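Participant: So you can see what is in the structure, the chains are spelled out below.
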Amino acid sequence: MHVALFVTCLVDLFRPTVGFAAIKLLEQAGCRVEVPRGQTCCGQPAYNSGDQANAKAIALQVFDAFAGYDSVVAPSGSCAGMLRVHYPELFANDPENLPRAQELAERSWELISFLTDVCCVEGVAAHWERRVTYHDACSGLRELGIKRQPRQLLASVSGLSLDEAPGAEVCCGFGGTFCIKYPEISDKMVTDKAADIVATDADAVLAGDLGCLLNIAGKLCRQGQQIEARHVAEVLAGMTAEVAPIGAPR
Amino acid sequence: MLATSRNFTAAAQAGLANDNLQRALGLARTGFPLRRRLAVERLPEFEALREAGRAIKDHTLQYLDFYIEFYESQVVASGGKVHWARTPAEACAAVLQICRSVGAKIVTKGKSMVAEEIGLNDFLEANGITPVETDLGEYIIQLRHEPPSHIIAPAIHLVKEQVAETFRAEHRSLDAGRPLIEPRQMCDEARAMLRPRFLAADVGITGANFLVAETGSSIVVTNEGNGDLTQVLPRVHIVVTSIEKVVPTFEDAATLLRLLARSATGQEFSTYTTISTGPRREADLDGPEEYHVVLLDNGRSGMIGTDFQDMLRCIRCSACMSHCPVYAAVGGHAYGWVYPGPMGAVLTPGLIGIEEAGHLPNASTFCGRCESVCPVKIPLPKMMRHWREREHAKKLSPTVYRKGLSVWAWVARRPALYHALAGTAARALGWAGQGHGRFRALPLAAGWTTVRDMPSPEGRSFHSLWAQYKKRGSAR
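Residue numbers (our numbering), protein chains in the order written: chain A, 1290 to 1539; chain B, -3 to 472.
Rather than coming from a laboratory, the hints here were simulated on the basis of the structure.
These numbers come from a predicted model, not from an experiment.
Even for Gly, the Cβ is constructed at its ideal location relative to N, Cα and C.
Hints should not be assumed to be uniformly reliable.
To be verified - Calculated lysine to aspartate or glutamate pairs in the EDC-like style (CA-CA distance at most 20 angstroms, straight line):
id, chain 1, residue 1, chain 2, residue 2
1, A, LYS1470, B, GLU352
2, A, LYS1436, B, GLU37
3, A, LYS1436, B, GLU367
4, B, LYS466, A, GLU1385
5, A, LYS1436, B, GLU43
Stated by the list, open to error - Derived list of chain A stretches under chain B, where covered just means 3 residues or more per stretch with a C-beta under 8 angstroms from a C-beta of chain B:
id, stretch
6, 1293 to 1301
7, 1326 to 1335
8, 1340 to 1348
9, 1377 to 1386
10, 1464 to 1471
11, 1504 to 1510
To be verified - Anything over 12 angstroms on all C-beta distances counts as not near chain B; from chain A, calculated:
id, residue
12, ASP1359
13, SER1360
14, ARG1389
15, GLU1395
16, ALA1414
17, ALA1415
18, HIS1416
19, ARG1419
20, SER1447
21, SER1450
22, LEU1451
23, THR1489
24, ASP1492
25, ALA1493
Assemble the whole structure, with the sequences as input and the hints as a guide.
Facilitator: Below, the structure is given as structure tokens:
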């Protein structure tokens, strides 16, 4: 299968290792992976700010950059949700471009669900000696139904055990521009999230979205907690030794 | 009710700093969601029921003109009267005119959010009529001169010690040394204070959860039985409600009632489900002599046919706010009007204008938990986004934010430039942050770094590493 990686703007800027981990996992699953050069961002900052004109312009750029691939895969439920769910809504009243939006939506996936649900990957060959807790990022969970998939693959990582937090499905308070526009509310939400994580016996928190992870790791660091934060793809690809935890010194 | 939604940010900060509120919300945050989940798990057809509920409301809204007029004709046929009110002022005037016609001095009230919407209590008091709230939560906040902070649990912002304090201050005829520690003691005290009021009232005012077109009936659910005493004991019963509450048949109402209680409190059915059809008939043992319905529009009909029509499906269960992490952080008063939480964030701009209520649809992470629990599947985040679109088009959002967004978008539409800038930023920030792996402060990112660290980038952008890999066959 010919797969195009949608890197996502946060992975591009903050954590390229997640992109390489995604490529490794996809190649292990038998995919041929390319990274289209014409991509930047999915356009969510504009879309969620009510700026439809810029959101559409960026979406059209995505249509062009990702034309012709069997599948488009993003290591983020949020960006994948934008491609799968929101582009068709964005172009709902645009008969000229709606078919392109729908066509892209049908072949766009979040990384972990693509591995399990499309490539039928049942396990990985990674090893990581940690007790982890998993944060279900909102878009992946509620827009794309991703819950079981990362847990299934994590169960195959030798040395790893999972300690579920009771509030795993509660938003961490990132919310894109929300955390800048309403910092006090965001702070309360991420403080609750951090407390929920600290109350487990986990020594690492994993998630499938870098936005949430920057927020959660940023809070855990500020509190001086010794819990490491990582994108689930790094763990599944066995690449934890190649990069320090999010927010930790190199 | 006077709106203060413009002050959302300051009110939210006050809520976050209010220890009693945070204690109260801490208890509510897990209680309602847990009870709802257990109730849903016990009903395998719940998802099918949600779909049925959505379809009933969609159908009714599509033919609302027909159903609402048919409803009126059935109210009249059963001996009641419908008073159409375009605005809160017209609704208040209609209630006052009915009260005056029977020389009312005291009116009892069951909980009604529409009565809050039209500011009925203040209006009646200003006109020499004493309104007495009979729902325990409403009674407490009436004593404290506060608006409700939740649509089914109006006093949820309070802890029991505050309630005891209020009762001691207001129930001065009672023994000052009485124990007021357990909720049961406060409940009994409120009950004892309210009982004579029920008997003294000239008019009883309730809201309505549903209006049934086929019979002209109103349905109200309570867990305290106060609705029954309010509407059966006085000579006159006034239902204060709004146009979108109508459903075609009793069968439809039954479907929605099954969704309502489970979504609201996790009950299979509310303790009391009371159906009123017209005034007392000759053979009836009890009931009011007059039955009036004040039917408020207040902007609702203007939402029909727009991006916001689906909001009129709302059955006021409160599941959205009970599951909302933003509501759980700041409480209901921060929203500054009658309806808090996600449903309020969509409905309030529709009823009082996006200029006044612009903060509400913005103060959301779009986490989607509200939509996932809504019994009639209202796409709340999507409609909040539609409000943001209106705001953006009217240039109501802060200038600095809009400017920043347009600069970012301009760059994001130029991939080569974008990659060059991202590559430079990744290198610069990665270099500056390599020692600690994070920043405790960053220029232009105070909103982030005042409350949390900013993790440092690894040091190279993915796209620059990938370009290098494609050229040399190695990424590092």
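Participant: Mind taking a look at whether chain B covers the stretch 1377 to 1386 of chain A? Criterion is 3 or more residues with CB to CB distance under 8 angstroms.
Facilitator: As far as the stretch 1377 to 1386 of chain A goes, the hint is violated, because 1 residues have Cβ atoms under 8 angstroms from chain B.
Participant: Counting residues of the stretch 1464 to 1471 of chain A whose CB is closer than 8 angstroms to a CB in chain B, do you get three or more?
Facilitator: Holds: 8 residues of the stretch 1464 to 1471 of chain A have a Cβ under 8 angstroms from chain B.
Participant: Evaluate the condition: distance from the CB of ALA1493(A) to the nearest CB of chain B exceeds 12 angstroms.
Facilitator: The claim holds: ALA1493(A) sits with its nearest Cβ about 15 angstroms from chain B, beyond 12 angstroms.
Participant: Can we trust that THR1489(A) is non-interface, i.e. its beta-carbon lies farther than 12 angstroms from all of chain B?
Facilitator: 16 angstroms, holds
Participant: Does ALA1414(A) sit more than 12 angstroms from chain B, CB to CB?
Facilitator: Holds: least Cβ distance 21 angstroms, greater than 12 angstroms.
Participant: Check the hint pairing LYS1470(A) with GLU352(B) against an upper bound of 20 angstroms on the C-alpha distance.
Facilitator: 17 angstroms, holds
Participant: Minimum Cβ separation between SER1450(A) and chain B greater than 12 angstroms?
Facilitator: Given a closest Cβ separation of 25 angstroms, the condition holds.
Participant: Given the hint that LYS466(B) pairs with GLU1385(A), test it: the Cα-Cα distance must not exceed 20 angstroms.
Facilitator: Measuring from Cα to Cα gives roughly 36 angstroms; hence the hint is violated.
Participant: Taking the closest pair, is the beta carbon of ASP1492(A) still more than 12 angstroms from chain B?
Facilitator: 17 angstroms, holds
Participant: With a C-beta cutoff of 8 angstroms, work out whether three or more residues of the stretch 1326 to 1335 of chain A approach chain B closely enough for the coverage to hold.
Facilitator: holds (count 8)
Participant: Would you assess whether SER1360(A), listed as outside the interface, keeps its beta-carbon beyond 12 angstroms of every beta-carbon in chain B?
Facilitator: Check passes; 18 angstroms lies beyond 12 angstroms.
Participant: Would ARG1389(A) pass as off the interface with chain B, using Cβ distances and a cut of 12 angstroms?
Facilitator: 17 angstroms, holds
The structure fails to meet hints 4, 9 from the earlier list, while all remaining hints are met.
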